[in-house]
Amino acid sequence: MLIARVIGDVVATQKHASHQGRKALLVQPLHLDGSDRGTAVVALDAVDAGIGDRVLLVTEGYSAMTGVGRPNSPIDMAVIGVIDSIHLDDPPSPSS
Amino acid sequence: MILARVVGTVVATRKDPRLEGRKLLILKPVSPDGKDEAGYVVAVDTVSAGCRELVLAVSGSSARMAEGCKDTPVDATVIGIVDTVDMDAPPSKGKASK
Amino acid sequence: MMLGRVVGRVWATVKSAGLEGQRLLVIQPLTPELTSSGKLLICTDAVGAGAGELIYWCRGKESSFPFLPSAVPTDNTVVAIIDELHVDRTVRPLSESPLC
Chain Y
1 MLIARVIGDV VATQKHASHQ GRKALLVQPL HLDGSDRGTA VVALDAVDAG IGDRVLLVTE
61 GYSAMTGVGR PNSPIDMAVI GVIDSIHLDD PPSPSS
Chain F
1 MILARVVGTV VATRKDPRLE GRKLLILKPV SPDGKDEAGY VVAVDTVSAG CRELVLAVSG
61 SSARMAEGCK DTPVDATVIG IVDTVDMDAP PSKGKASK
Chain Z
1 MMLGRVVGRV WATVKSAGLE GQRLLVIQPL TPELTSSGKL LICTDAVGAG AGELIYWCRG
61 KESSFPFLPS AVPTDNTVVA IIDELHVDRT VRPLSESPLC
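Residue numbers (my numbering), protein chains in the order written: chain Y, 1 to 96; chain F, 1 to 98; chain Z, 1 to 100.
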């Protein structure tokens, strides 16, 4: 799982049936120092997250599918938790 | 399977119900000789690992083979606490046998 | 899933039997700001996307699932055509940056 921030959402009418009824969020994966980690991705929402929320992002197919309750679907990423707080033992080095 | 060090924890109230009661740890991968490697991963703890401990973690579908993780939306789990890592001495340069 | 735009099509006569009848699209991966990110790639198509359309696609084994029960040997599939995209990178929780 990765820590990510919700930066937007995607509206699509014509999409695979398994994506119907689930919000598609634009999420930006983060490094531990809070900087962006790679490019933003589209993930289906399992916990009603909103823009600005820090979230837990699963990046593996099966866990994403079970997270949103759609087995055997073309889903490779899902938001499965809204993060309240993060505790780090040592301050992170930049882009670690 | 990777060697990693526990560097922190994540707290989330609103999450998948199958993750309730699960501790979420932030792991930083380390090489077998103890050096930190790039990146991090958030993993579910199944062995009560603690801060700064060296642990064994699995990711991908194997993560759900861990105790209590079957059919849960989990892609990384901590499955062991490492006591020691023994490494053979690296081959010295210029003395490779033919 | 990742954002992208359809920038071309691929036709192949000689191909794996599993790819028979599949549309193959050339996709340019995009950032949320719609600038190019990364190399072009070839995707199968599960939604009938056309030239120039903004889409998102799915990677990995999951990308063959829209075609079940046929086993299509693909690793990238377009799964939605995007109507609208809302991006706001300015909204941050009060306690952010650094993360903890």
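Be careful, since some hints might not be right.
Stated by the list, open to error - The calculated lysine-lysine pairs, modelled on DSSO-like cross-linking and capped at a C-alpha distance of 30 Å, are:
| no. | chain 1 | residue 1 | chain 2 | residue 2 |
| --- | --- | --- | --- | --- |
| 1 | Z | K15 | Y | K23 |
| 2 | F | K70 | F | K23 |
| 3 | Y | K23 | Z | K39 |
Worth flagging that the hints you see were computed from the coordinates, not collected in a lab.
Query raised in the report: So which of the earlier hints does this model not fit?
Result: 1
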